[in-house]
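Trainee: Below are the chains, spelled out letter by letter.
Number of protein chains: 2
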Amino acid sequence: MRSRLAAVAAALFVLAVIAAVGATSPPNEAGPLSVESAGVATGLRDRISVGSRASEWVRELTERAGPRLAGSPGDKAAVAVALETMKTLGFAKVHAERVVVPVWVRGSESGEITAPVSQKLALAALGESVATPEGGIEAEVIGVKSFEELQARKADVARKIVFFDVPTQRTKDGSGYGKSVVYRSEGPSRAARLGAVAVLVRSIGTDVNRLPHTGALQYEADAPKIPAAALSIPDADLLAFVLARGKPVRVRMALACGMRPDAESANVVGEIPGREAPDEIVVLGAHLDSWDLGRGAIDDGAGCGIVLEALRQIASLPTRPRRTIRVVLFANEENGLAGGKAYAAAHAAELGKHVAALESDSGTGRPLGFSWNAGPSAEPVIRAIGDLLEPLGAGELQGDGGGGADIGPLRTAGVPLFSVRQDASRYFDYHHTANDTFDKIDAEALDRNVAAVAAFAWVAASLPHELERIPPEKRTPARSR
Amino acid sequence: MRSRLAAVAAALFVLAVIAAVGATSPPNEAGPLSVESAGVATGLRDRISVGSRASEWVRELTERAGPRLAGSPGDKAAVAVALETMKTLGFAKVHAERVVVPVWVRGSESGEITAPVSQKLALAALGESVATPEGGIEAEVIGVKSFEELQARKADVARKIVFFDVPTQRTKDGSGYGKSVVYRSEGPSRAARLGAVAVLVRSIGTDVNRLPHTGALQYEADAPKIPAAALSIPDADLLAFVLARGKPVRVRMALACGMRPDAESANVVGEIPGREAPDEIVVLGAHLDSWDLGRGAIDDGAGCGIVLEALRQIASLPTRPRRTIRVVLFANEENGLAGGKAYAAAHAAELGKHVAALESDSGTGRPLGFSWNAGPSAEPVIRAIGDLLEPLGAGELQGDGGGGADIGPLRTAGVPLFSVRQDASRYFDYHHTANDTFDKIDAEALDRNVAAVAAFAWVAASLPHELERIPPEKRTPARSR
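Protein sequences appear in the order of chains A and R. Letter by letter, the first sequence follows residues 1169 to 1649 of this note's numbering. Letter by letter, the second sequence follows residues 1169 to 1649 of this note's numbering.
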């Protein structure tokens, strides 16, 4: 990495010398990037990484809108805040694009161990869970540590509450979440098929707080819909301990949650029009909605702050980028992806002109590099951007598919997809909990993410030729989480 | 410290050599301790510090009784668990001593900022708070950072909710808590005298979780009783931010808490009778009750586990101590001190024979040394105990007054009071919150505390002469917290 960095630095030094003597620089190439483009991106990187207003936008959103699950009053407030912010920042064509969203409401919820001890449990219904019958469900609990164990004990599941007791490993790349989240998403239907009456999952998280992690479940069509909730990690520990005593353990749980009629929300869009190819578009996305328990600071106020600030920084440059850079703050990422789908549908005619899309939805951890999904000839460009961001520690590339849930629907049109890989070590301490509040924002790390996104966007919007699109065989639909 | 340690080690080595050749050791002195006594205490230290059952007793109590505020069902369960545990451990004279306790119940509680933004607040009524009128109180908020600021703005307090916004500093010795807790205890009456309708305090804690810290307030007789609650720290941050915008801020809060008729609880007592002076007593105390939000693991399940295990370890020695060592698990420390007062009253006739009392009520942090309050001639003994515990890092002495809330009433009788000073760096992350659960227990640190308490108790119960009692001028009543 050092030698590539030295090469970029040397090229920039030459550029600086040329600029200093007032010479007009010819379209030299600093690797796959033009000297001009690399120079501007480097300037963005260096200016932004020492201070930006990204955390200010997160504070604004979390303070004025707060929790903003699709279709809620907070969601409506968030759309208004986002429109106002984009207008204040001087973005062009600021507007809301109507999205019809599913509406799930939590209502009251409670749980307790009733035998052989009496203990209240801190739990939270999983998103899209059905309610329990009024008065709740009380049943014996069967604890399992894997789907394999569930299958092995399937004769013992009927009329029970299944407790999926699978810890989430803390990892820098967030892969621990990927391994355990299946118990939240698939667990309820798998247990229901075996006759379970309800499901409890150990929160998909890495903290030690009495604050359960919610998140969407996915009911399968062939299984009865049974109520499901997450236990806070200390409560999962307690239930596991009590089960380990070997006596029958009974839990009562009462959830008043459920689906309500669809409502209107919106994707909020603003842009900087390209100076030469305004119909060619680089999308910077994040999602505006959040779960209801916290205030959506890290998920995904952070992403909103990052992309808003990246565009503001680019807008403040003396020269507009060649292509249009568009910020899209998507509706309903958390429980339906209606915003991402609506954007792809509404813009179907111009997706062929979408030259790149990046989504920022990984919280407030430091940037480590990029993930990407594009045609193979795009690699040298991505590598050059990575080299440029190496001084921020953001130079590592992963070609195994970038993107994000909301820009996933652009994949079928072949739009090159990107995301900044961030340090996820602490992300799952707070993710989807009441603890997702502004104080968790690391302003300095956010600045570095803005630098990475702005440098990327500038380069993608300035390349003389378009990035090679995703090959047809890699345009499979995204899996939501 | 090293040279004293070396001296003790050398003395013990001599003892070991004497023991090895089968000689009967004469009553030699290893400083102020007999060689025999120092040797036994050292053996206890070394055996216990590498593993004890203390965390097992904490688990038992937190799992079977859980939250146990005085007079609650959990409190009743805790008395039963403590009696059973002491009997199982073979302690003598295991019994419950009736204590009439005040009963405060929490009930439902909620709060929200209603203007200029709409945000739910995570709050918890302070212990002993009165309820709000049904439907809650809604009023403008005035935020202050000190009692001085409250006074300076006293003309602006009437009909408002006063928000005491004072952060608690993280300190190893717990002194940060001492500085900020006055806003919880005294704030409500101070605000009420100026016409406030309710009080909110920034939680007296050092964490970043949406889990408010409860704790007792102290209504003064000359002030109206107004409802008071603690905001979680992220919610205090939010309210401070919103206030800083400069617009009038309104909060609605509804608390259903209040006092109920007194109830019966109990101090649970068990002992090892002394072999030579059974009427002379060393008390090892902790409190059995806890706040209602958590499961009372660090406050004070930890202390219960420590003193139970210390006595169990001493009971397992081949020789009983000269004097009686008595464990007392006190009722109602958190909101009334009825247990401590009842013990002092019930045992008034034998307090002259109480030669020392130690209370363990500082959580799960590592032991650092001892605080003590006794006559000056006791110092060399305490120092010798400290030297003996130096290898555990528990050798630092503070002569500024040891003890604990429950043994405070013994001070007026001059009983020498002790406590193990513990590392409090993390204690106020969890103290008085829902997060006070078993997973927070550091079993290894608990073992070291047991070692310190057992060594202390053995020595105090073995000294040929009694420790010098607290001089009359230092027998002032304890201040509760």
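If you're looking for bench data, these hints aren't it; they were derived computationally from the structure. Just so you know, these numbers come straight off a predicted model, no measurement behind them. Just to be clear, a hint being listed does not mean it is correct.
Said to hold, decoys possible - Derived, one-sided and incomplete: chain A residues facing chain R with beta-carbon distance under 7 Å:
(1) 1231
(2) 1232
(3) 1276
(4) 1278
(5) 1282
(6) 1285
(7) 1376
(8) 1378
(9) 1402
(10) 1607
(11) 1611
Yeah, the Cβ is synthetic: ideal placement off N, Cα and C, and Gly gets one too.
Trainee: Does each hint fit the structure? Answer for all of them.
Mentor: Structure-based check of each hint:
no.	hint	result
1	1231	holds (6 Å)
2	1232	holds (5 Å)
3	1276	violated (10 Å)
4	1278	violated (12 Å)
5	1282	violated (13 Å)
6	1285	holds (5 Å)
7	1376	holds (6 Å)
8	1378	holds (4 Å)
9	1402	holds (4 Å)
10	1607	holds (5 Å)
11	1611	violated (14 Å)
In terms of the numbered hints stated before, the structure departs from hints 3, 4, 5, 11, listed from lowest to highest.
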